[in-house]
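*Asks:* Sequence:
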Amino acid sequence: MAPRTPASASDRPTGRAGEPVARHRPPVAQQGPGTLRVAAVVAGKNEEWEGTTALAKLPELLRRSDASVWVDLSGPSDDQVQQIGAALALHPLIVEDILEGNQRAKIELTDGVVHIVLFNLEYTDEVVITEIDLVLGLGFLLTAHDRGWDPRATHHLRSGVGSTLTHGPDHLLWAIADDLVDSYFPFADRLGDAIDEVQDEVVLAASHDALQRLFRLKRELIEVRRHVGPVREVFNQLTNRETPLIDPEEVVYFRDVYDHIIRLTDELDNYRELAAATLDVYLTQVNNNLSVIMKRLTGVTVILAGIGAVGGLFGMSEAHNLGGFWVVTGATIVAGTALAAGLRRIGWI
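Taking this note's numbering, the leading residue of the sequence shown gets 1225, the next gets one more, and so forth.
Check the hints yourself; a few may be wrong.
Heads up, simulated DMTMM-like pairs for lysine to aspartate or glutamate below, C-alpha to C-alpha not over 20 Å straight-line [stated by the list, open to error]:
no., residue 1, residue 2
1, Lys1442, Glu1491
2, Lys1442, Asp1471
3, Lys1330, Asp1357
4, Lys1442, Glu1421
5, Lys1442, Glu1457
What the hints contain is simulated information worked out from the structure, not anything from laboratory work.
Could you build the full structure based on these sequences and the hints that come with them?
*Replies:* Below is the structure:
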């Protein structure tokens, strides 16, 4: 944990945090107030509060130099974000970003706090993306997210928050980020499996449904790459930019996450190339099928042309000769059969 000195209201950055900031998009979470939970490790003791009790306890915790505080906002209302922003003395731009949402993955250092935007990805029948705002300050970590994602369900926090928060809010930031990035891999694997299934279907039969699924997967890959790609730069800065909010001993943990995200982006790029190759296979299959159809039509044309040639040469001259009629008819049948057999042998019909 980074060294900390006692903080008072005058020590903390103020800016214009008291000014209201409007939410520019409806929250994905349910209507009504969200859930506020505060966890803290003070003098080695772990405690947790919820709701109005947590909000009332927060100023006292922030004044203590030996406290590590985690503030978690799940599906918050505008008023709750404003209240927490004022309690933590956050810059109004950070409050606005949390309210507005629709951000890209990023890291910003504003008024002595680090604001990070990450995303949780879920893949069922479609890609579900949940934005998560993390704000690391002196002695505290704020997480704000929709109700569809619960940080306490992540791997590092399932056994409790205290053991992680004891090492400081910067270590808690790593724990949450590490679980988020690790959850991307099974998500990416499911996308890869879906692409493999479409590719097998395309090879067997280039159907219109397979093409629609392929285009949907390509769109999902683009969307996922758009959200995950910038995460690489986030951890690049966390591992290379010095900040007093992150203990130097924690940098090695963030570097491990950085290695994971590099591998993940490489996998996503490979899947995107695989999807493009599958589209090429589909187009090749369509062209091959078209060639087969054209060959068969050409074969039928050749047969009809042969029959027409026999009829044209002998049909009119033998029209009044009963014996000649049967000769021409037999010649027509023989010519058509011979042409059909020859074309079938070379695979044209």
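*Asks:* Hint by hint, note whether the structure agrees.
*Replies:* Hints, one by one, checked against the model:
1. Between the alpha carbons of Lys1442 and Glu1491 the distance comes to roughly 14 Å, so the proposed pair stays at or under 20 Å and holds.
2. Restraint check for Lys1442 and Asp1471: the C-alpha separation of about 40 Å exceeds 20 Å, so the hint is violated.
3. Using a Cα cut-off of 20 Å, the hinted pair Lys1330 and Asp1357 holds, with the two alpha carbons roughly 10 Å apart.
4. For the hint linking Lys1442 to Glu1421, the alpha-carbon distance of about 14 Å falls within 20 Å, and the restraint holds.
5. At roughly 23 Å between alpha-carbon atoms, Lys1442 and Glu1457 are farther apart than 20 Å, so this suggested pair is violated.
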